[in-house]
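Chain by chain, the residues:
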Amino acid sequence: MRIAVQDGLFDIGEESNRFAAGLSDSGANAGAIVTFTGVVRGSDNGDMVAMEIEHYPGMTERAIRKIADEAMARWSLADVLVIHRHGRLVPGEQIMMVATASRHRLHAFEAAEFLMDYLKSRAPFWKKELLQDGAGNWVEAKDSDEEALDRWA
Amino acid sequence: MRIAVQDGLFDIGEESNRFAAGLSDSGANAGAIVTFTGVVRGSDNGDMVAMEIEHYPGMTERAIRKIADEAMARWSLADVLVIHRHGRLVPGEQIMMVATASRHRLHAFEAAEFLMDYLKSRAPFWKKELLQDGAGNWVEAKDSDEEALDRWA
Amino acid sequence: MDILYFAWVRERIGLPKERVETSAATVRELVAELSAREDRYAVAFSDLSALRVALDQDLSDFDAPLDGVREVAFFPPMTGG
Amino acid sequence: MDILYFAWVRERIGLPKERVETSAATVRELVAELSAREDRYAVAFSDLSALRVALDQDLSDFDAPLDGVREVAFFPPMTGG
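Chains as they are written, first to last, in the numbering used here: chain P, 1 to 153; chain X, 1 to 153; chain R, 1 to 81; chain A, 1 to 81.
The hints are simulated quantities; they were obtained by calculation from the structure and are not laboratory data.
Being a predicted model, the structure only gives us computed values, none of them experimental.
Among the hints, a few may not be true.
If the Cβ cut is set under 10 Å, some of the chain P residues that face chain A in the computed set are [said to hold, decoys possible]:
(1) I53
(2) H55
(3) G58
(4) A63
(5) K66
(6) D69
(7) W75
(8) I95
(9) D117
(10) K120
(11) G136
(12) W138
(13) W152
Backbone N, C-alpha and C define an ideal beta-carbon position, used for all residues, glycine too.
Let's have the full structure, built from the sequences with the hints guiding it.
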C-alpha cells in the first residue's frame, strides 16, 4: 500500500506503470487493475484561474490510511495506491489518483469507487476556486457525495 | 474514441498518459478518468506457460466499436479507449485495457464496468491455456460473466 | 457462403473456414445439413446451447434466416477481457 | 489544548491555530465558550450543522467529551477527491 500527500505534480503513466510493476515483483498474481484519476476542471464560464487545496497535515495521511485499510479489509486486494495533491493547481492538472489491484475485476472496481467516495467526504481536504477577479469561493460539499457513502453502509 | 486490436504489447503508462493528453488537447474538461487493465494470471499450480488468444479478425473491431458506441450513448463520456491483444501471452503480460473519461466519476466508473462486462462475453475472443505438458485448455465462459450483463439490461 | 469456425469448434471440425453451397433457409437447417455430412460436424454441433453463431459478423441465433448472408461463423461462448 | 481551524472557519476566525485553556467538558461547551469570547467566533460557529470537528485527528461529534484531548480541529464538510 502506498499513500502520498504532496503538493507537486505526479505522472499518471509513471504511477500506473510503477503500480503494475509492483504487483508483478511481489508475485501478487492480480488479474485486474483499476485506476481513477481526478483532473481539475475549468469553470464553465472560464473565470477560474486556479484551485487551491487546503488540507490538515497531521490528519490527512492518517484519514487516508484508515480508508485504504478499510478497503483492504472489505475486498480481496493485492495492492492499493492513493495520491492526493494540495496547494495551488491549475485547470487540466491532476488532483489525485487511486489504483487498486485484485484477482477479480469486480473487487478492483468496487474498491476504487469506495476509496473515491470516502476521499471526497472523509479525508480533510478543502477546495477553493480562485477567480480571475481575485475572488475565492470555497467549494461546497454536495449532498450527492454524502449520499454516495450510503452504498457502503 | 480509439479501438486497437493488436498482438503486440502495449505500455499501460504510455496509453494512460496519451489518453489524458488527448482529453486536455480536445478541451474536453473531463474531471474523471478511469482505466481498467487486465493482466494474464498464472495458474495456481504454476503449470500454465502461456495464454493463446484467438479472435475473429473481421468481427472483432466491429463488435468492440458497437460496445463502445453503446457506452457513449448511455453515459456522458468525453472519450473512450479500448485495447485488446490476441496471440500468445505469458503470465504477467497485460491482455487488455479500457479507459473512460467524463465530467463525473460515476459515469466514468459505470462506463468502464459496462465495457468490461461486454468485452468479456460479446467480443469474439477465445482464451486457451497452454500447459507445461503441452496440453491446451479452452477457458470456459463463466455463468457469472453472462449474469454480469443483466445489470445493464 | 463462407463458413468460419473458431476455438474448439475449429479444432473439432479440423478447419478454420470453408465455402459451402447450401439452400438451407435458417442457421438451424445449415447445422443439420453439415451434421449429416460427416461425424466431426455432428460432434461439433451436438450441443447447440454450447455454441454461438454470427451472421455477417453480427451475433445472431440459430433460427435466423440465411437469405442474403455471405458469412456464417460458429464458435463457443466468448471469453475476452 | 490546541485548537485548529481550516478553510472558511479559519478565514472567519482569522487564525489557523491557537492554544486555549478551558475546562469545557464537551466540544459543544468549548464552542459556547469560544462563541462568548468574540463576535468572529460566534459568527464562525453560528450553524454547527455546517461544521465538522476532529479530536486528536479523528472525526468526532459535538457531544464528544474532551478529557485527555490535546488537539481539536473545526472545519466545514470536506471536499477532497
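* To do: Go through the hint on P/A63 and say holds or violated, using the shortest Cβ distance to chain A against 10 Å.
  => Since the shortest Cβ distance to chain A is 8 Å, the answer is holds.
* Against chain A, with CB atoms and a cut of 10 Å, does the hint on P/W75 hold up? -> At about 19 Å, which exceeds the 10 Å cut-off, the nearest Cβ of chain A leaves the hint on P/W75 violated.
* P/G136 as an interface hint toward chain A, with CB separation required under 10 Å -> This interface hint holds because 9 Å falls under the 10 Å limit.
* Taking 10 Å as the limit, does the beta-carbon of P/G58 come near enough to a beta-carbon in chain A? -> Hint on P/G58: holds, closest Cβ of chain A at ~5 Å, below 10 Å.
* Asked: Can the hint on P/D117 be confirmed by a CB-to-CB distance to chain A that is less than 10 Å?
  -> holds, 8 Å
* Would you settle whether the hint for P/W138 is holds or violated, based on the nearest Cβ-Cβ distance to chain A being less than 10 Å? => Holds: closest Cβ of chain A sits about 5 Å from P/W138, inside 10 Å.
* Asked: Per the CB criterion, is P/K66 less than 10 Å away from chain A?
  -> With Cβ-Cβ at 9 Å, under 10 Å, it holds.
* **Evaluation of the interface hint that places P/I53 against chain A, nearest CB under 10 Å** => holds, 8 Å
* Asked: Can the hint on P/I95 be confirmed by a CB-to-CB distance to chain A that is less than 10 Å?
  -> holds, 8 Å
* Asked: Given P/W152 was flagged as interface, is its beta-carbon under 10 Å from a beta-carbon of chain A?
  -> Violated, about 15 Å.
* Asked: Taking the closest Cβ pair, is P/K120 under 10 Å from chain A?
  -> holds, 4 Å
* Identify whether the interface hint at P/H55 stands, where standing means a beta carbon of chain A within less than 10 Å of its own. => holds, 8 Å
Of the numbered hints given earlier, the model fails hints 6, 7, 13; all others are met.
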